[in-house]
Amino acid sequence: MQIRISVIALALTLLAGTARAKDEVSHLKSVEAKHFKAAEGVELSPAFADYFYAELRNELTKSKLAADVIGEGEAVDDADAAKSAVITGTIVEYKKGSLVKAQLIGFGAGMRSLKMDADVVRRSDTQNLCVLHVHVKVDPRWNEKVMAKAAAKQIVNEMKKALKEGKSS
Amino acid sequence: MTPARKLCAVLFAAGLSLVLVARTAADEPKPTPENTISVRLAEPVPAQKFEPGPKFWITDVTDRSGNPQPMLVLKDRGGVFLDREPTVILREALNDSLKSANLLAADAGSADLAVRLYLFHFGLAPGSGLDLFSKVEFSAMVKNPKTGESQEVKAAGTSIGKGAFRKKNIQKNVEENLQEALKDATRNFLRGVQLKQAVNGLWKAPEKATAASGTSDRRKLDRASLRMTN
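Residue numbers (my numbering), protein chains in the order written: chain A, 1 to 169; chain B, 1 to 230.
Simulated from the structure, these hints should not be mistaken for lab results.
Warning: the hint list may mix true and false statements.
Claimed, not checked - Under the rule of at most 30 Å between Cα atoms (straight-line distance), these lysine-lysine pairs were calculated in the DSSO-like manner:
| # | chain 1 | residue 1 | chain 2 | residue 2 |
| --- | --- | --- | --- | --- |
| 1 | B | Lys49 | A | Lys29 |
| 2 | B | Lys162 | A | Lys160 |
| 3 | A | Lys83 | B | Lys154 |
| 4 | B | Lys196 | A | Lys37 |
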């Protein structure tokens with residue numbers, strides 16, 4: 001009986017390992033994240049764009065979506081261009097929120113909010129691989145960099161999902 | 001209030017301010033072997049391929065960060081200092097990488113392209129507070145010493161690393177984080193499209209140049225022979 005249980009446990013562990021390995025397979029050779037532009041009327045500090053760019057690259061590296069996450073403006077071999085992607089985007093809206101509203105009303109009122117649109121295009125022919133719309137809400141007391149972290153995470157998750165769906169369909 | 005009491009009050013105030021100044025001066029972190037880190041590339045960064053490759057020479061590195069204490073990376077927790085100036089660290093990183101790619105000239109005189117660097121940021125930048133955010137940003141003026149033409153190439157490197165509570169770990173994480181940012185900036189410069197464009201625009205391979213002059217000479221000869229026959 002004990003042997004059977006151990007064999008089943010071993011088989012389950014092996015299955016879990018293969019499932020994870022399959023999930024982590026990257027099909028892009030490289031991905032380049034560019035600094036996101038801010039739309040007119042968006043009042044964010046200049047340091048935000050830099051931090052968000054760094055955070056986006058960090059999240060892309062963690063996600064293992066591509067074999068290599070390259071910096072902005074780096075050259076890619078022509079042979080790899082068809083399997084490389086570029087992420088560009090715009091910060092569409094930013095509301096700094098209200099601490100008074102958040103404290104008095106609650107239920108999500110007065111939250112700091114950020115809306116972003118991003119395009120993922122293939123490097124070789126600039127064909128659109130996916131379009132992402134991200135909306136992040138955080139507590140108004142939190143630093144805007146925390147919001148950048150959340151937004152970068154959400155963009156990468158959406159991208160992962162979209163690329164997976166695109167691949168399966 | 002009598003003049004003697006006034007004098008006493010003034011002296012007391014002056015003494016108090018001196019004590020406060022001395023205390024703030026004592027709070028200023030000072031570099032010691034324990035709080036000094038060494039930032040250098042673990043291995044040279046591979047540069048993009050140029051066919052044939054020009055020879056670069058870094059003439060000068062200027063610090064344009066405006067930081068009065070460029071070697072102080074972190075002020076809190078007794079401070080974290082760099083062992084060398086950021087300009088020296090950047091020059092070493094680029095020289096090592098150019099050398100490994102066989103793109104470094106032996107001296108300034110034999111260089112095809114001279115590079116003058118302007119360092120804008122080297123160190124930690126304000127992050128989310130939960131992690132460490134390092135940034136290395138510089139600009140390079142790539143110049144052809146023969147023609148005098150030059151072109152600007154910008155490069156930046158960032159890195160986000162985990163924060164820490166213990167001082168020893170903070171120091172270790174800051175060191176790793178800065179090394180990563182330096183590597184990223186070096187890579188961004190050496191593998192950048194801007195450098196490729198600068199090299200293509202400023203420098204012509206000697207073979208191409210001689211080949212071009214050879215063809216023009218041949219054309220001249222052909223024209224001369226045609227005139228002779230006419």
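- 30 Å limit on alpha-carbon distance, applied to hinted pair Lys49 (chain B) and Lys29 (chain A): holds, 19 Å
- Is it true that the CA of Lys83 (chain A) sits at most 30 Å from the CA of Lys154 (chain B)? holds, 26 Å
- Item | Distance restraint between Lys196 (chain B) and Lys37 (chain A), which requires alpha-carbon spacing of 30 Å or less | Cα-Cα ~25 Å, so holds.
- Message: Given the hinted pair Lys162 (chain B) and Lys160 (chain A), is their Cα-Cα distance within 30 Å?
- Response: Holds - the C-alpha atoms of Lys160 (chain A) and Lys162 (chain B) are around 24 Å apart, at most 30 Å.
Checked against the numbered hints given earlier, this structure breaks none of them.
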